[in-house]
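Q: Sequence:
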Amino acid sequence: MIKHVLLDADGVMQRVPGGWVAALEPHLGLRAQEFLVAVAEDEQPCLRGGGDFLEAMGGRLADFGLSGTARELHRAVWCSVQVEPTSVALVHALRDAGCAVHLGTNQEAHRAAYMRDELGYADLFDACFFSCELGAAKPEPDFFCRVLDRLGCSAPEVLFVDDHEPNVVAALECGLAAEHWRLDDGPELLRRRLSTYGLTLA
Numbered sequence: 030m031i032k033h034v035l036l037d038a039d040g041v042m043q044r045v046p047g048g049w050v051a052a053l054e055p056h057l058g059l060r061a062q063e064f065l066v067a068v069a070e071d072e073q074p075c076l077r078g079g080g081d082f083l084e085a086m087g088g089r090l091a092d093f094g095l096s097g098t099a100r101e102l103h104r105a106v107w108c109s110v111q112v113e114p115t116s117v118a119l120v121h122a123l124r125d126a127g128c129a130v131h132l133g134t135n136q137e138a139h140r141a142a143y144m145r146d147e148l149g150y151a152d153l154f155d156a157c158f159f160s161c162e163l164g165a166a167k168p169e170p171d172f173f174c175r176v177l178d179r180l181g182c183s184a185p186e187v188l189f190v191d192d193h194e195p196n197v198v199a200a201l202e203c204g205l206a207a208e209h210w211r212l213d214d215g216p217e218l219l220r221r222r223l224s225t226y227g228l229t230l231a
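All residue numbers for the sequence shown refer to the numbering used here, where the first residue is 30 and numbers rise by one.
Possibly wrong hints are sitting among the right ones.
Label pairs and their computed distance ranges (CB to CB) [stated by the list, open to error]:
no.: 1; residue 1: G94; residue 2: L201; range: 37 to 47 Å
no.: 2; residue 1: G88; residue 2: Q62; range: 26 to 36 Å
no.: 3; residue 1: R220; residue 2: E84; range: 39 to 49 Å
no.: 4; residue 1: G215; residue 2: K32; range: 19 to 29 Å
no.: 5; residue 1: L218; residue 2: A184; range: 36 to 46 Å
no.: 6; residue 1: S224; residue 2: S96; range: 48 to 58 Å
no.: 7; residue 1: E147; residue 2: H121; range: 15 to 25 Å
no.: 8; residue 1: G97; residue 2: G127; range: 46 to 56 Å
no.: 9; residue 1: P185; residue 2: Q62; range: 18 to 28 Å
no.: 10; residue 1: E202; residue 2: M30; range: 12 to 22 Å
no.: 11; residue 1: P195; residue 2: R221; range: 18 to 28 Å
no.: 12; residue 1: R220; residue 2: Q111; range: 12 to 22 Å
Here are the computed lysine to aspartate or glutamate pairs in the EDC-like style, where the Cα-Cα straight-line distance is at most 20 Å [as the list claims (entries may be wrong)]:
no.: 13; residue 1: K32; residue 2: D155
no.: 14; residue 1: K32; residue 2: E202
no.: 15; residue 1: K32; residue 2: D178
no.: 16; residue 1: K32; residue 2: E186
no.: 17; residue 1: K32; residue 2: D213
no.: 18; residue 1: K32; residue 2: D125
It should be emphasised that the hints constitute simulated quantities derived from the structure, not laboratory data.
We put the beta carbon where it would ideally sit given N, CA and C, even for glycine.
When you get a sec, could you build the whole thing from the sequences and use the hints?
A: Structure follows, in structure tokens:
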């Protein structure tokens with residue numbers, strides 16, 4: 030029986046309007062994709078709680094001829110998040126159906142703090158599980174094992190929803206129920222899939 034639902038953030042609860050490259054283009058023009066690839070590599074240890082992403086990004090600014098600070102760019106791009114109202118409604122519907130609902134996402138510490146405090150996820154979810162605080166990132170098995178340990182439940186009691194298929198596969202291999210779904214698939218498809226687990230939502 031499903032007692033907990035674990036939802037990913039980007040692609041499930043929220044999106045960067047137009048996508049990451051489009052968000053970076055006003056600052057970097059044709060080099061937006063190149064910059065994104067570079068900082069994504071820098072971000073990897075930060076996703077697991079090692080290092081500071083703003084410091085790592087700051088080291089790239091001069092290389093790409095950018096003025097301003099890493100904090101300003103982070104705020105303008107990484108925090109340019111649109112929370113999807115239908116996903117927020119889904120969280121409330123799941124809770125009304127008797128489930129605890131949690132966030133499970135790969136984030137570095139600065140964006141995690143923004144999401145928790147400024148997007149209101151600390152109040153929306155029963156618990157927020159950020160990779161930078163768990164010390165492991167999806168699709169690593171330790172991410173899911175540490176979530177289960179903190180929830181104090183067994184894997185089959187948790188349903189995980191993510192827009193990235195390798196993360197879904199990893200969750201299934203750890204014994205969780207899991208569904209591959211993205212915002213563009215539409216909320217009704219996800220509701221139908223949830224109903225197959227006995228989660229009938231109002």
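Q: If you test the structure against every hint from before, which numbers come out violated?
A: 2, 5, 9, 17
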